[in-house]
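There are 4 protein chains.
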Amino acid sequence: MPRTPTPPENAVTLSFHVRYAETDAMRVAHHANYFVWFEMGRAAYCRERGIDYAAMETERGLFLPIVEAHCRYVSPARYDDLLTLAVWCKEATRRTLRFGYLLKREETLLAEGETYQILVDNAGRPCTLPPDLAEKMGG
Amino acid sequence: MPRTPTPPENAVTLSFHVRYAETDAMRVAHHANYFVWFEMGRAAYCRERGIDYAAMETERGLFLPIVEAHCRYVSPARYDDLLTLAVWCKEATRRTLRFGYLLKREETLLAEGETYQILVDNAGRPCTLPPDLAEKMGG
Amino acid sequence: MPRTPTPPENAVTLSFHVRYAETDAMRVAHHANYFVWFEMGRAAYCRERGIDYAAMETERGLFLPIVEAHCRYVSPARYDDLLTLAVWCKEATRRTLRFGYLLKREETLLAEGETYQILVDNAGRPCTLPPDLAEKMGG
Amino acid sequence: MPRTPTPPENAVTLSFHVRYAETDAMRVAHHANYFVWFEMGRAAYCRERGIDYAAMETERGLFLPIVEAHCRYVSPARYDDLLTLAVWCKEATRRTLRFGYLLKREETLLAEGETYQILVDNAGRPCTLPPDLAEKMGG
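Residue numbers (my numbering), protein chains in the order written: chain L, -5 to 133; chain P, -5 to 133; chain U, -5 to 133; chain B, -5 to 133.
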């Protein structure tokens, strides 16, 4: 049996309950929601690092759209399960960010994922992360 | 047994299949999605009347946020059910719109709903529907 | 200006951040999500009262589908806003439950809502709440 | 500039409008919804091939959970955009299915994706696709 992967030490973790609306007729959490949870994980990651992502959008006009997303589903999650998500920055350049994710229920691995984002401005043009944000984001 | 209500003659109807992601662990469509379907119904209503709602937002800076929403759920919808939604304008003023909805699967009534919207500008201030749109919207 | 309504003393409250996926092109939380939040509030209410709603479904075959839902939207919520939802049981019979909701961001009222649920068994037939659950639910 | 990929001849296509609820604060369709659209594409694929997926679940107790999902986002989709999704079976074994997806708005490529599913029974145990379904699914 494969060993459950361990997130790196600089990972940020958050815990949450599976919502009823997130389940589907298989009585498990619908697979599309994992990407919503990953995003919630990135929000927690930013908060922990002192990055105000909302202000980054509204005040600086900087956005981080997803250009690639991947998830491997290992074991299902059910209604009201208390899940723990670990999120970490796998790679940061001045123009791109790659995050990794591990989702568990206690010691059971439920899923692992990865997203790749690019930085764009208000007009959707690729741009460069200001130094203060780059340091906080990737560190 | 109560008679199934009939939408008024000027109602616009659209048909769609229940998506798997819209079901929940009760194996029926989750109740929050009905409001998403109502919104999809308003889009069909606008299209039918020659109103380009997307352009109304992006070109004229006019928005129609929901200020009140109500739904009565009569019978559940299941995965892949082919549903028919009737949408009509119950009341139109220069600043507000009230829509009614009837959702059926063939002749079975599944739900009836109502939404109330106000017109606001880019800054969220209440404003007045231009005459060309008012006529198309409420007629 | 109307006074902000106050939830009753026996209300259960929970706090959460608005998710990015919950926003829409008006840059505010989409109105359908409020019903998902209300449901999350009922889950917190059950947890607080020692009711295991998941087990109620899977072990006792009892379900509480929504038969009526209403929301009045007062002020918009934005991405990452920290919201507080108060949930309370307005009325409990052996076969029905009516919950009330107040949603705030700090002292600002964002929305108030109400849902009406009936108790059904695995086959969707109306049934009666067992005394142990009835007491915990409505008390 | 890379040539837009072309779906294979046996692909099934469907068209749909982007719903308002599917947009987010970047004013584009939220990336998690693409997986919901892919699923809607698989439903269309099954329908076209004479497979009643709903009955497969409810009558035969066969389920096709996603074990891996991937999407590459090329260009954003906006509210009310009319999109065309092509879906095809890339690989079918008696126990697994791999689907490919291409999403376009007219001739513009918006995204390409892939999902990998395994067949399980009511108890979540891997099982084997009955011959009649295998032929229709992979052909």
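Keep in mind the hints are simulated off the structure, nothing from the lab.
On a predicted model such as this, the values are computed, not experimentally measured, just so you know.
Misleading hints may appear alongside valid ones.
[Stated by the list, open to error] A short list of chain U residues far from chain L (calculated; beta carbon distances all over 10 Å): (1) His11; (2) Val30; (3) Arg72; (4) Asp74; (5) Leu77; (6) Trp82; (7) Pro120; (8) Cys121.
[To be verified] Here are the computed lysine to any residue pairs in the SDA-like style, where the Cα-Cα straight-line distance is at most 20 Å: (9) L:Lys84 with B:Arg66; (10) B:Lys130 with P:Glu42; (11) U:Lys130 with U:Phe10; (12) P:Lys84 with P:Asn116.
We put the beta carbon where it would ideally sit given N, CA and C, even for glycine.
Practice item. Any hints from earlier that this structure breaks? Give me their numbers in increasing order, please. Key: Going through the list in order, the structure violates hints 1, 2, 3, 4, 10, 11, 12 and respects the others.
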